[in-house]
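Residue numbers (this note's numbering), protein chains in the order written: chain A, 7 to 68; chain B, 7 to 68.
I should point out that these hints are in silico values taken from the structure, not numbers from a laboratory. All of these numbers come straight from a predicted model, not from anything done at the bench. One thing to keep in mind: the hints can contain errors.
The list treats identical chains as interchangeable, and a pair is accepted whether it falls inside one copy or across any two copies.
To be verified - Derived BS3-like pairs (lysine-lysine); straight-line CA-CA distance at most 27 angstroms:
| id | residue 1 | residue 2 |
| --- | --- | --- |
| 1 | K47 | K62 |
| 2 | K66 | K47 |
| 3 | K50 | K62 |
| 4 | K50 | K66 |
Number of protein chains: 2
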Amino acid sequence: MCEANAYMLIEEKESLIMEAVDLVQPEEGGIRLISIFGDQKFIKGHVHALSLVDHKIYIKED
Amino acid sequence: MCEANAYMLIEEKESLIMEAVDLVQPEEGGIRLISIFGDQKFIKGHVHALSLVDHKIYIKED
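Work out the full structure, taking the sequences as your base and the hints as a guide.
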């Protein structure tokens, strides 16, 4: 499986916000993360960077 | 390997712009895509959505 972990970047420090993310969908005012288990989380932010071989999604707050 | 293919979304239609993308990095005026083979492409756009289990990165022009 090729899910990734989502990290919030705050002042260059990364903090894990969700594991095993499959879908990232744009939504009014931010993005919705949906894991392979169906867990959902809405984040006021945007995708800043990806490192897929390392299974990492970096998000920054808007 | 967990790379993904990058598609540009134009009026809801997807067009493949790069295969086997590993890294997406923010850059002045857009994003840089880097494949697992080291190919690079600069795009005036942003990550719109992800569908990682399907190996898809959706990009929209800025």
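Results of checking the hints against the structure:
no. : hint      : verdict
1   : K47 x K62 : both (16 angstroms within a copy, 20 angstroms between copies)
2   : K66 x K47 : both (15 angstroms within a copy, 22 angstroms between copies)
3   : K50 x K62 : both (18 angstroms within a copy, 22 angstroms between copies)
4   : K50 x K66 : both (8 angstroms within a copy, 19 angstroms between copies)
The structure meets every hint from the earlier list without exception.
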